[in-house]
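**Q** I would like the entire structure built from these sequences, with the hints used as guidance.
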Amino acid sequence: GAVVSQHPSRVICKSGTSVKIECRSLDFQATTMFWYRQFPKQSLMLMATSNEGSKATYEQGVEKDKFLINHASLTLSTLTVTSAHPEDSSFYICSASGTGARGDTEAFFGQGTRLTVV
Amino acid sequence: AQSVTQLGSHVSVSEGALVLLRCNYSSSVPPYLFWYVQYPNQGLQLLLKYTTGATLVKGINGFEAEFKKSETSFHLTKPSAHMSDAAEYFCAVSKASGSARQLTFGSGTQLTVLP
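First to last, the sequence lines map onto chains A and B.
Counting in this note's numbering, the first sequence runs from 0 upward without gaps.
Counting in this note's numbering, the second sequence runs from 745 upward without gaps.
Certain hints may be false.
[To be verified] Label-pair ranges, simulated between beta-carbon atoms:
no.	chain 1	residue 1	chain 2	residue 2	range
1	B	G806	A	M44	25 to 31 Å
2	B	S828	A	V2	39 to 45 Å
3	B	L764	A	Q41	18 to 24 Å
4	A	T56	B	M827	39 to 45 Å
5	A	T16	B	S824	46 to 52 Å
6	A	N69	B	S851	28 to 34 Å
7	B	Q854	A	V2	24 to 30 Å
8	B	T856	A	R9	33 to 39 Å
[Stated by the list, open to error] Non-contacting residues of chain A with respect to chain B, defined by C-beta distances greater than 10 Å in every case (computed):
no.	residue
9	E21
10	F27
11	M44
12	E86
Honestly, the hints are just simulated from the structure, not real lab data.
By construction, the Cβ of each residue, glycine as well, lies at the ideal position given by its N, Cα and C atoms.
**A** Below you can see the structure in the form of structure tokens.
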């Protein structure tokens, strides 16, 4: 199957700093990437959808100025958590989909990033 | 709008017993349906998916699911549980058109396999 690499897997940062999470499609061109957030023992909640070269579309209630998403190439999307606070601590997961026989029906997930803000 | 309901946040089965994880969905358009498995602090791995065609879908690790339109269900089964099946399972739905890869997830079911 297609491979999506997410980095870092874990990050601890101080309150007030910014953290960047990368999501890379390694063997296909990801025209669309999705960013999800998962609280402990809860489901995944879609934060935003980004199409390569376009501004991301954020879900209701997600602060676009706090969660900056860049999808500048067909293989890389980044999520930057700006001025992080302890309540931003969570598990963030990206998924990517592209073109082709499988791309229209399936998205491939990264390994996730555990963010802890202290 | 689409939604997914997973009945039972925790399911325990004995090793070798039948696994049944329930999923019901709501969708105003033809859905694509998915089951994912998540191990602690990891991303999601696709077990199986239904898009079109045969309503009984076979996936990896011996899992299968049946799409029942009349019941709006997509329950996940495995005839014989293995210890390695212990994980969190998510049912998800997406639209069959448009942004087909944008998923709406259920709340998840934690499967425990007892020795």
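**Q** Taking the hints in turn, state whether each one holds.
**A** Hint check:
1. B:G806 to A:M44: 25 to 31 Å: holds, 30 Å
2. B:S828 to A:V2: 39 to 45 Å: Violated, at about 22 Å.
3. B:L764 to A:Q41: 18 to 24 Å: holds, 23 Å
4. A:T56 to B:M827: 39 to 45 Å: holds, 42 Å
5. A:T16 to B:S824: 46 to 52 Å: Taking Cβ atoms as reference, T16 of chain A and S824 of chain B lie about 49 Å apart, which means the hint holds.
6. A:N69 to B:S851: 28 to 34 Å: holds, 30 Å
7. B:Q854 to A:V2: 24 to 30 Å: holds, 27 Å
8. B:T856 to A:R9: 33 to 39 Å: violated, 25 Å
9. E21: Given a closest Cβ separation of 14 Å, the condition holds.
10. F27: holds, 13 Å
11. M44: violated, 8 Å
12. E86: holds, 20 Å
In summary, the numbered hints that this structure violates are 2, 8 and 11.
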